[in-house]
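Taken in order, these protein sequences are the chains called A and B. Heads up: the first sequence runs through residues 15 to 1034, numbered per our numbering. Heads up: the second sequence runs through residues 373 to 861, numbered per our numbering.
Don't read these hints as lab results, they were simulated from the structure. Watch out, some of these pointers could steer you wrong.
[To be verified] Stretches of chain B that chain A covers, calculated by requiring three or more beta carbons in the stretch to come under 8 Å of a beta carbon on chain A:
id : region
1  : 446-460
2  : 477-487
3  : 620-630
4  : 633-644
5  : 649-663
6  : 666-675
7  : 795-801
For glycine and all other residues, C-beta sits at the position ideal for the given N, C-alpha and C.
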Amino acid sequence: MIVAFASLGIRWVAEVHAANPEVSFNRDVRPILADKCFHCHGPAAQTRKAELRLDTAEGVFQGKTPVVIPGQPNESLLIKRIHSTDESEVMPPHDSNKTLTAEQKETLKRWVEQGAKYQKHWAFEPISKVAAPEIAGVTHPVDQFLNARLQQLGLSAQPEANRETLIRRVALTLTGLTPTIKEIDEYLADQNPGAYERMIDRYLASARYGEEMAKHWLDVARYADTHGLHLDNERQMWAYRDWVIRAFNENLPFDQFTVWQVAGDLLPNPTRDQLVATGFNRCNVTTSEGGAIPEEFVYRYAVDRTTAVSQAWLGLTAGCAVCHDHKYDPLTTKEFYSLYAFFNNAADPAMDGNTNITAPFLKLPDPKQMAAASGASKVERDAREWLETISTDTSYSDPAESKSPLGRKPIHDILVDDAYPIGATSRSSSRNPIDWMTDPAFKAASGRRLIRQAFASSYNDEIELKLRPVVVPHEATIEVYVMVDAVDTPTSVAFGATNGKTVTWRKTDQGLVRDGTNPSPIVPGQWNKLTVSSVDVGLNPGQRLNGIKLSQTGGIAYWDAVSLSGQTDPATDPLESLTAWRKSLGTNIPPELPGELNALIQGGPEKVLSADETAKLRRFYLAVIARPVNDEIASARIAWETSRISRIIAEETAPGTFIFKDTDKPRESFIMVRGQYDKKGDPVEPAVPAVLPPIAKSTPEARLNRLDLAKWLVTPENPLPARVTVNRLWQQVFGTGLVKTSYDFGTQGENPSHPELLDWLANQYRENGWDTKKLLKLLLTSDAFRRQGKLMPDVKVADPHNRLYARGPRIRLDAEQVRDNVLFTSGLIDLTMGGRGVKPYQPANIWEPVGYSDSNTRFYMQDHGSSLYRRSVYAFLKRTAPPPFMSNFDAPNREQVCTVRERSNTPLQALQLMNDVQHFEAARALAERVLIDGGKTTDERLTYLYRTVLSRTPTTDETSLLTASLQKQTTLFTANPDAAKKVVNVGESKPKNVAPEIETAAWTMLANLVLNTDETLNRN
Amino acid sequence: MNPIFDQQLALNRRQFFGSTGIRLGGVALGMNAASSLLAQEAADPTRMHPPLPGFPNFAPKALNVIYLHMNGGPAQVDLWDHKPKLAEYYDKDLPDSIRMGQRITTMTSGQTRLPVAPSMFKFSQHGQCGTWVSELMPHTAKCVDDIAVVKTVHTNAINHDPACTFVMTGSEVPGKPSLGSWLSYGLGSVSNDLPGFVVLTPTWKSGAAAQALFTRMWSSGFLSSKYTGVALRHVGDPVLYVQNPPGVSSQNRRAMLDTLSELNRRTLEQFGDPETLTRMAQYEMAFRMQTSVPDLTDLKQETAATLDMYGPDVTKPGTFAASALLARRLVERGVRAVQILHRGWDQHGNLPRDLRSQCEDTDQPIGALLTDLKQRGMLDKTLVVWGGEFGRTIYSQGTLTKDNYGRDHHPRNFCMWLAGGGIKGGQVYGETDDFSYNVVQNPVHINDLNATMLHCLGIDHERFTVKFQGLDQRLTGVEGPKIIKELLA
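Make a model of the complete structure from these sequences and hints.
As structure tokens, then:
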């Protein structure tokens, strides 16, 4: 038998050369038609020639003139035309730049001879129920399929790899981390049958498993921490990422995993997780660019979501059909827009507002927070009721109506502490809500909360006091507490009035010092009370203080407890005089004014009120606005304020996440001509492509919705999602999918290398309840996975890319795995799970040169402490400038769906692995581990180092090379002890001083060396 | 030697190179005929960045490209598109016959009036060709005989983000390879010590706010990430991580690499994986970059006359002037594509003040770059391109006064220029109406311009395709872009 491999991909033509070979339509004929004929005789109506289509059986056999007569090649027009020597007759025509080889012509002819059996494109055919071929001595079904092919081709498989190799391979595959020495020893010691399976089970049960699995899915879901377009501001939806991790750890069946993400919001009484899961369709990039035209972006988001779902579950590159009928796949433009109609009702706005809480947004209080919020709400309501009750009968005379002049009155008002005062508005130039921090470890200056400013750039928080207006008293002083971060010290902080001036404390040699004066500087890392006068903020007694303004530039600042003292004129003070209050409100309705008072205020301060109206207004005023006029109100006010703050804390400290919802009324959907948002064609209704099984309605009269679509995806009749998903899992395990083009199961994608195996696995997956852990275990227990990774010369020629699995998979680690393993083996890693994206080390000027001037992700504010060492799946991902440790190693920037990553091999990677602070610091930490735990002799230490990083002991040869290298480094550092000192002090973690600096430095270079080996960077 | 290793070596000749990797200086570049040099490049087995087989498709006029992207949308009517008749239209409404109901952005669609704001800058004719140039660009003006100004470039998008993505990748939707990535993919690159595609993002002086850039503007999209542009930085390491950590000397590094190479050779013998051999080569290239990059950025090697020509900012790292000089040095060292992305050209308001400042940043260095390339005999082998993602409206955004106005986005026509390899300089191509609002003659779509650029570089844009998502993807799209023959030398 002659084996031939097409240069592109993996099309077996072996059978063609055998005697009387059976031609398979999907394997042999369709690729030829798709490549050479479908452009003019395929699904696209616009470009179809001669009304002939060859992509359907009807087109071939029942067209105007049937072009194929089964069994009669000489009578079949198709065969005649391809063999024609007449230039005007021959197909494909000359001007198409396409030609058929003699072999291809022969294949087509033989297909007709043999009866011209037509099949749909393989991926659209139902999943076949195949049994694994029986092969002597092989029991694992996966191997039965694979070995059948190997035997056919006369290739011999590699023997099983040794146990050290296997445990490292399994651990990396399932957890993204290498095994610890303890785990290796445990596995090596287990000599009972089933040891390998038990080892797999331990890793499947590890919480690290969900993190590794999520990494792959988040590429598909295009998850990131910023909006992606224009300002590329931060968005808050890491709860979705954490849910994905949890879903994998809990082994949520993949059919539910699907339904929740596509339509969790439409399930009856959706749980919180089901709503969080809908974040899948909020992960798309969004804009809020000034001048952008809303219709355009509403359209684009719906297209993006349609494309994402098609790619993720159907493996179809629906994107082409946005503009025209798909040239090759049977997806018409109408069908694309019918799918789009499912997603065109999204409730989120066209403009994301550059905020991190773009609606629909779901708050996620934990049970404690929920109980606290509802408890506090009740207390607050009761307290407020009591306040109003006692205010009703309180005697009050308005100082403005006083006949005799009243003297000035000393006041001390808390303006802001722990929460905004009632009826205030706030604005942050970060465009996010003001960042309140609750119960920090370093304690608020007053109460429980404070305001944090940490975007590094220059920005302001403003709080406008509207319902409870403030008038500047005589001899006024305003006090505020500030703390500046000792590491990220701002270059300036400023405090002032929104309608006046601000006072600035600026960085000098003495620290942050107030402009124009020379008082003691602000002490970093502790609370400092700042005091300014009304003159300082540009206001005179009697003027309104509209609001307060807090600013910082270039670092982190915390603010707390703003208060105002002085001597007030009661007659003109809105907090003393009802008349003055009415005057200062004017006719504007301030926030939180009870609705029943709206009309009274809109009438203006001069409006004559009825007795009843006066009573209502007076009651509200005395209860909530005026300084307490007696002790009873004073204590009731404190009770109310306290409960109000408790309620706000309970509500606001909970994080939230973007979720997907529909508009109340569905938007009408149209075919958009040539993909232009402003060119509506025919209207369309939600529907699925005709080539796939029909979709069921929940009720006959209802319009199809996303839930119907989600359920349709995972119906047993739908062949694609199971195939697409097991193929991606195969790709994770073996490096390349059975269908190499894991993003394209259409006719332009590659055919599966082992179609029967793919179908068998797809059936297994579905029949086992879409149990992902079970499927992975099945793959990992195959011989194919356990083979040595050695590439033998004969296999190298026959199968350079290991598509036949004669050897074990050997693949370069993913970006996250590269970084995580350096942190893990060095012991620096912090395995805390979940939460807002962390900001590890990043060289200066990754964000800054590209960030929009006014973006809240313009300046990268690196974290400190253990956040530097969190797993990479938790690292903050800014789409327009992703972290180099990700992009250098082919992680996508998550602007669109990515189902397979490239594995490049570049000098920039080498530079990063050798020199990046996080890698070099980890080398130091690893060296220290070696020196502490690795024994006394160099041999013992090298063994420890190798076992930690590579899970094996070094050979004698390697030991002698490394020993020589260690000596060389020691010699170099002995000659330059200052250099050694620098080496051991790289990074923010402190050296442990476990050995002389020269020794630690030399071992650091050795650790750096081992961490850079090709073996370390690969799953071998 | 191990037989597997030998076989690997043979298989990986294209990726592997020894310590004798070739170096081509500017002199060599200048003296060789472009086509023969490229033939030589293609045949050389020691190339780090080999071209695709069959590339270039025909003898190129230009070997390299320097693309000066003025991010934000420079106002064509204040720089190149001289409209002397407009003075009489000052503060009159833009006639409906001109606007013709075309869409405008939501930043000005709510304005009650669209008052015409003629440029307040003086124009005069320069060079033998007599091209009209604004007073804001006296240095560029001296080079107009080498420049082909295209007045009728038009694009699809009206907002920055999609327009930038379009001008750089030929698609408004993120995910496609950038121009430089296409070039380094197709043509490879000559330098074995430097990346094939380098990007510079200099600082800018005008007003505080500037539009964002996106790494997708130089990313490789669906091509291998090895074709992504490498950003040359002015803060920290010029190339990320090129410097050894504190305390690590070149000897330490060399010693580490020597052992690394020994260990990797054993891995290669054990697994026979060609990627191992590639990695060994990449570590050696990394080591060489530790020397070649500092050498590249060391401007002390330049003469005082050269530095003077680029202006006083040239010695300040990260300025446009420094970037322009680096662009020449990169091309001189055989880097295929260099892009400078200069921000701050989005003058919605205070245009007179801010545009002046933008030009002060860039004009002298651009004039110097063209002159410098020419003096070294490199200009006819280097294609230089200048332009933004769209133009600006003739009507004022916000209040119009005699000495102040702003302009909104205008994608319907704007000016770009080309110079150098393959370009017939000393001409102005295309004509717009009296309001610089519509193309009246010879429209040039961004795709046409890209096709023309590829042509100069010896690439048939129609054959330059990569199959992705079921389509033959092209930089130049599928709607029949045309090469603008009139621009070619």
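Any hints this thing doesn't respect? Which numbers, in order? 1, 6 and 7
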